[in-house]
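Full structure from sequences and hints, please.
Each chain, written out:
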Amino acid sequence: MYPQLILIPKVRNIVVRFCGDSGDGMQLTGNMFAQLGAELGHEISTLPDFPAEIRAPQGTLGGVSGFQVELGSEVYTPGDKADVIVAMNAAALKVCTLGSHFNHPQAHFDDEFALYHRHAIVIVDTDSLADKDLEKAQYHTDNPFVELGIPESVQIVPVALTTLTKEALKESGMDNKSILKCRNMFALGLVYWLFDEPMEKAIHLLEEKFKKKPALVAPNTKVMVDGYNYGNNLALSVNRIRLEANSQQQKANGRYTSIAGNRATAFGLIAAAEKAGKRLFLGSYPITPATDILHELAARKDMNVMAVQAEDEIAGICTAIGASFAGDLACTTTSGPGLSLKSEAIGLAVMAELPLVVVDVQRGGPSTGLPTKTEQTDLLQALYGRNGECPAVVLAASTSANCFDFAYEACRIALENMTPVVLLTDTYLANGTALWRIPKLAELPDIKPQSVPEELKGHYNPALRDERGVRYWAFPGMEGFEHRNIGLERDAERGTISTNPENHEIMVRARKHKIEQIADQIPELKVINGQMVNEQMVNKDTLLVGWGSTEGHLHAAANELGCDLAQFNYIMPLPKNTRDVLSRYQRIIVCELNTGQFAAYLRSQFPDLPFEQYNEIQGQPFAVERIVNFVKKSEC
Amino acid sequence: MEASQFKSDQYVRFCPGCGDHAICMALQKAMAQIGIPTHEVAVISGIGCSSRMPHYLNTYGFNTIHGRGGAVATGVKTSHPELTVWQMSGDGDCFAIGGNHFIHEIRRNVDLNVCVFNNRIYGLTKGQYSPTSPKGFVSKSSPFGTVERPFIPAQLVLGARGTFFARTLDVDMPTTVDCLVAAQQHKGCSIVECLVNCVIFNNGTHAWIADREQRAEHSIILKHGEKMIFGKDNDKGLAVEIDPVTFVPKMIVVPADDPRVLVHDAHQPDTTLHRMLALMGQDRYLEVQTDNVQGTKEELPIALGVIRNVEVETYDHAVNLQIAEARAKAKAKTFDELTATLESWEM
Numbered sequence: 001m002y003p004q005l006i007l008i009p010k011v012r013n014i015v016v017r018f019c020g021d022s023g024d025g026m027q028l029t030g031n032m033f034a035q036l037g038a039e040l041g042h043e044i045s046t047l048p049d050f051p052a053e054i055r056a057p058q059g060t061l062g063g064v065s066g067f068q069v070e071l072g073s074e075v076y077t078p079g080d081k082a083d084v085i086v087a088m089n090a091a092a093l094k095v096c097t098l099g100s101h102f103n104h105p106q107a108h109f110d111d112e113f114a115l116y117h118r119h120a121i122v123i124v125d126t127d128s129l130a131d132k133d134l135e136k137a138q139y140h141t142d143n144p145f146v147e148l149g150i151p152e153s154v155q156i157v158p159v160a161l162t163t164l165t166k167e168a169l170k171e172s173g174m175d176n177k178s179i180l181k182c183r184n185m186f187a188l189g190l191v192y193w194l195f196d197e198p199m200e201k202a203i204h205l206l207e208e209k210f211k212k213k214p215a216l217v218a219p220n221t222k223v224m225v226d227g228y229n230y231g232n233n234l235a236l237s238v239n240r241i242r243l244e245a246n247s248q249q250q251k252a253n254g255r256y257t258s259i260a261g262n263r264a265t266a267f268g269l270i271a272a273a274e275k276a277g278k279r280l281f282l283g284s285y286p287i288t289p290a291t292d293i294l295h296e297l298a299a300r301k302d303m304n305v306m307a308v309q310a311e312d313e314i315a316g317i318c319t320a321i322g323a324s325f326a327g328d329l330a331c332t333t334t335s336g337p338g339l340s341l342k343s344e345a346i347g348l349a350v351m352a353e354l355p356l357v358v359v360d361v362q363r364g365g366p367s368t369g370l371p372t373k374t375e376q377t378d379l380l381q382a383l384y385g386r387n388g389e390c391p392a393v394v395l396a397a398s399t400s401a402n403c404f405d406f407a408y409e410a411c412r413i414a415l416e417n418m419t420p421v422v423l424l425t426d427t428y429l430a431n432g433t434a435l436w437r438i439p440k441l442a443e444l445p446d447i448k449p450q451s452v453p454e455e456l457k458g459h460y461n462p463a464l465r466d467e468r469g470v471r472y473w474a475f476p477g478m479e480g481f482e483h484r485n486i487g488l489e490r491d492a493e494r495g496t497i498s499t500n501p502e503n504h505e506i507m508v509r510a511r512k513h514k515i516e517q518i519a520d521q522i523p524e525l526k527v528i529n530g531q532m533v534n535e536q537m538v539n540k541d542t543l544l545v546g547w548g549s550t551e552g553h554l555h556a557a558a559n560e561l562g563c564d565l566a567q568f569n570y571i572m573p574l575p576k577n578t579r580d581v582l583s584r585y586q587r588i589i590v591c592e593l594n595t596g597q598f599a600a601y602l603r604s605q606f607p608d609l610p611f612e613q614y615n616e617i618q619g620q621p622f623a624v625e626r627i628v629n630f631v632k633k634s635e636c
Numbered sequence: 001m002e003a004s005q006f007k008s009d010q011y012v013r014f015c016p017g018c019g020d021h022a023i024c025m026a027l028q029k030a031m032a033q034i035g036i037p038t039h040e041v042a043v044i045s046g047i048g049c050s051s052r053m054p055h056y057l058n059t060y061g062f063n064t065i066h067g068r069g070g071a072v073a074t075g076v077k078t079s080h081p082e083l084t085v086w087q088m089s090g091d092g093d094c095f096a097i098g099g100n101h102f103i104h105e106i107r108r109n110v111d112l113n114v115c116v117f118n119n120r121i122y123g124l125t126k127g128q129y130s131p132t133s134p135k136g137f138v139s140k141s142s143p144f145g146t147v148e149r150p151f152i153p154a155q156l157v158l159g160a161r162g163t164f165f166a167r168t169l170d171v172d173m174p175t176t177v178d179c180l181v182a183a184q185q186h187k188g189c190s191i192v193e194c195l196v197n198c199v200i201f202n203n204g205t206h207a208w209i210a211d212r213e214q215r216a217e218h219s220i221i222l223k224h225g226e227k228m229i230f231g232k233d234n235d236k237g238l239a240v241e242i243d244p245v246t247f248v249p250k251m252i253v254v255p256a257d258d259p260r261v262l263v264h265d266a267h268q269p270d271t272t273l274h275r276m277l278a279l280m281g282q283d284r285y286l287e288v289q290t291d292n293v294q295g296t297k298e299e300l301p302i303a304l305g306v307i308r309n310v311e312v313e314t315y316d317h318a319v320n321l322q323i324a325e326a327r328a329k330a331k332a333k334t335f336d337e338l339t340a341t342l343e344s345w346e347m
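If you're matching them up, the sequences are chains A and B in order. Anchor point for the first sequence: position 466 equals 466 in our numbering, and the numbering is continuous, going up by one each time. Anchor point for the second sequence: position 235 equals 235 in our numbering, and the numbering is continuous, going up by one each time.
Quick caveat, the hints were computed from the structure, so don't treat them as lab data. A portion of the hints provided could be inaccurate.
A few chain A residues that face chain B, going by a derived Cβ cut-off under 7 Å, partial list only [to be verified]:
id	residue
1	208
2	311
3	315
4	321
5	326
6	476
Distance windows between CB atoms, simulated [said to hold, decoys possible]:
id	chain 1	residue 1	chain 2	residue 2	range
7	A	499	B	100	48 to 56 Å
8	A	455	B	282	53 to 61 Å
9	B	10	A	254	51 to 59 Å
10	B	10	A	456	18 to 26 Å
11	B	100	A	367	18 to 26 Å
12	A	199	B	325	51 to 59 Å
13	B	293	A	489	36 to 44 Å
14	A	625	B	100	44 to 52 Å
Fair warning: this is a prediction, and the values are worked out from it, not measured in the lab. Ideal placement from N, C-alpha and C gives every residue a C-beta, glycine not left out.
Written out as structure tokens, the structure is:
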């Protein structure tokens with residue numbers, strides 16, 4: 001067995017990008033590769049990169065679909081640049097090589113824009129580089145590698161993927177079209193070979209994935225195994241790589257799965273409803289990139305979830321408010337444009353003091369903006385985007401897996417404090433996957449929905465509050481608690497309509513106080529210490545500050561810089577020790593994917609502290625390298 | 001039960017002489033007659049004069065935001081089908097800002113009782129024209145008269161595949177109570193168009209039929225299974241005639257003893273006759289009329305009472321049934337059982 005004689009080098013982390021036509025099954029291929037890695041004990045972080053069009057013409061630049069994954073022992077992000085590229089056609093090769101510059105006629109490989117680095121391995125289907133393919137992908141010459149200026153240090157692995165797949169299945173009796181759909185499995189098998197992955201587990205995983213289409217198991221397995229074996233033929237020309245076993249990580253024991261952020265969010269809502277003893281009600285309207293939560297919950301009738309696909313965004317939240325009025329755990333899911341439409345109704349939930357969870361999966365804006373791209377630009381809308389003095393709780397999930405925890409926490413805070421809670425996630429978290437330790441319901445924190453003391457029967461009104469300032473919750477069906485709730489201002493004692501000037505001020509302050517007292521129920525801000533991967537100077541006077549989905553990138557940057565990181569999940573209210581933490585540092589650099597919304601918010605809370613900013617607004621997650629360079633360059 | 005049990009302790013703040021007072025009393029009477037206890041009734045409204053109604057009813061109530069009463073009510077009824085849910089709305093709340101929720105609650109056939117107070121004006125904002133104001137209507141926001149074509153509410157309801165439509169008049173208490181009780185008995189989205197007078201901004205808008213002298217000649221109270229007879233002396237009947245050239249059917253007035261006089265069938269699934277009945281006399285509200293009380297031309301009477309009442313599966317029932325069936329068959333019913341079905345591994 002020749003290949004085993006070669007010493008396979010070990011690395012801690014690798015980044016692989018699968019790239020092809022949107023019909024080539026790149027998302028499935030990437031997901032299978034990531035999942036096998038996760039099952040083998042590696043950490044994973046994935047980044048699906050969909051084309052904007054539903055199905056652009058085959059082979060064109062607009063139809064390129066990508067899936068990037070980082071595997072390894074300390075994974076914070078899907079990786080800035082790929083170590084291995086699988087390009088299924090000429091268009092994919094161009095997009096990977098030129099990055100965001102793929103539409104520039106004279107563009108060449110550039111270290112800044114290429115999606116892979118100059119020592120990467122690029123596997124490319126040579127059968128898809130015919131003249132007509134090059135024409136569709138807008139090449140001007142017949143040599144794509146020269147035209148793109150790919151450096152010699154890049155190791156190009158030309159493979160006749162199409163021919164080899166046809167060869168593998170020539171006796172299968174399948175038609176040509178069905179055979180071509182298996183090309184992605186040949187590529188996957190080849191990548192498995194490259195990383196020396198065990199094929200038994202890979203075959204088992206494939207059987208699982210195709211469980212509902214058993215006829216496809218045998219041909220796809222055959223093609224994948226052939227792809228793996230083909231790797232042995234390449235052994236002289238390509239070096240294999242083996243990932244180090246994941247030994248040093250302090251990981252809690254338990255059952256793990258890989259999960260996308262939207263699914264984790266849906267599971268968090270389901271778990272919270274069960275823990276709270278409430279029916280989960282979802283009112284929602286389809287909108288990218290939040291729709292997967294609606295899909296997941298609409299399918300969970302077995303969990304007693306009531307999912308209403310409403311006639312519009314406003315009806316989505318208003319049906320949820322109706323369900324909350326009637327005593328359910330109510331939720332609405334949306335993205336930025338939908339959050340705008342829901343603003344007035346969030347105000348109603350604030351005024352009526354009803355529990356409600358509003359999930360905003362942020363995307364690039366404003367208006368229709370960049371529906372499939374990621375951004376952190378709805379923060380100020382979530383905090384302030386309503387008429388009147390209208391405080392609501394704002395939380396942000398920071399990994400695909402902890403979308404579960406913060407969806408659960410949003411429900412807890414809403415039900416226990418009679419308030420709407422806005423949970424911010426984004427495209428990057430929603431579509432990306434991460435390793436998730438599956439909790440048992442029993443280990444999750446208790447949720448005790450606000451109720452009403454029995455002695456108020458016959459004397460109840462909707463303005464009566466407990467010692468925390470949270471109003472008591474009675475709902476239809478409860479005898480002796482009949483009342484009228486309103487979006488109008490209510491009398492602080494009787495709960496009826498009031499236009500009294502002093503009363504209005506009392507009520508505005510009561511609603512504000514109710515949100516502020518939630519700070520007593522949330523954990524203190526913990527600083528993440530950078531681990532100094534490059535043994536540089538320690539930057540202990542510098543604090544990176546982030547919120548939400550940038551945690552992985554900022555953690556990796558903090559490691560590079562040897563500085564600390566404060567990543568916020570609780571935004572309104574802020575953790576009580578926020579000032580103590582921030583004021584320990586000389587440099588506080590607030591990094592976000594917008595022009596400085598969190599920085600503006602922090603300045604309004606702590607006007608005496610010196611906040612610096614690092615911002616990117618390109619519809620993409622941060623690149624760790626750029627953050628590091630910025631911090632180093634801006635040092636005095 | 002007694003009507004007084006449904007009166008709240010709130011002072012009723014409709015203007016003196018407003019038609020909403022009458023509907024409020026009719027609602028309390030109807031709710032007592034229906035006999036569902038106050039804590040099992042939820043009354044949801046949007047914004048407008050009519051949307052103040054929940055405050056005056058001693059049930060669960062929610063006075064929400066402009067136009068959204070229908071969506072909130074859909075949420076209440078869908079999540080808790082055991083509750084009796086009413087929606088109070090007006091021609092602005094329902095046909096303008098809340099138009100989308102209105103047609104969709106009808107399309108879905110959510111089991112709601114919806115009272116639409118149609119006074120053809122925005123009263124609470126002090127006198128702007130509404131989607132049911134006749135063309136040419138002069139108001140503060142249309143000082144030169146409107147140039148807009150108004151809705152005919154019945155047409156909107158039938159166009160959205162409505163299963164129940166009734167029309168009633170503020171000054172006709174018995175018919176109003178009958179319609180409200182029938183709306184509650186009907187399983188599905190029941191729309192009751194309540195023609196109400198706005199004494200301040202649109203006084204006399206329904207005078208054509210509200211005027212005591214003229215009412216019997218200008219309106220007909222339809223009752224399921226009964227002949228369509230009207231007139232001061234019950235001497236007129238309604239029949240259908242087909243135009244021999246165009247084949248277009250039309251309603252005609254014939255003597256009460258004419259064998260062609262129709263018997264009202266509110267349960268007929270076909271909408272043709274219901275539409276013709278509901279549209280009788282509505283052209284009078286398409287453009288501003290000069291003869292608002294005593295007309296000169298021969299006109300068909302305006303139909304009051306329950307015009308359409310058919311049973312179709314309700315949304316709230318169907319969606320809850322689907323959940324019950326899924327749960328009966330499901331292997332995983334709890335979070336821990338659900339996560340056990342995920343592809344997972346020990347670490």
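Checklist entry - Looking back at the hints listed earlier, which ones does the structure fail to meet? => result 7 and 12
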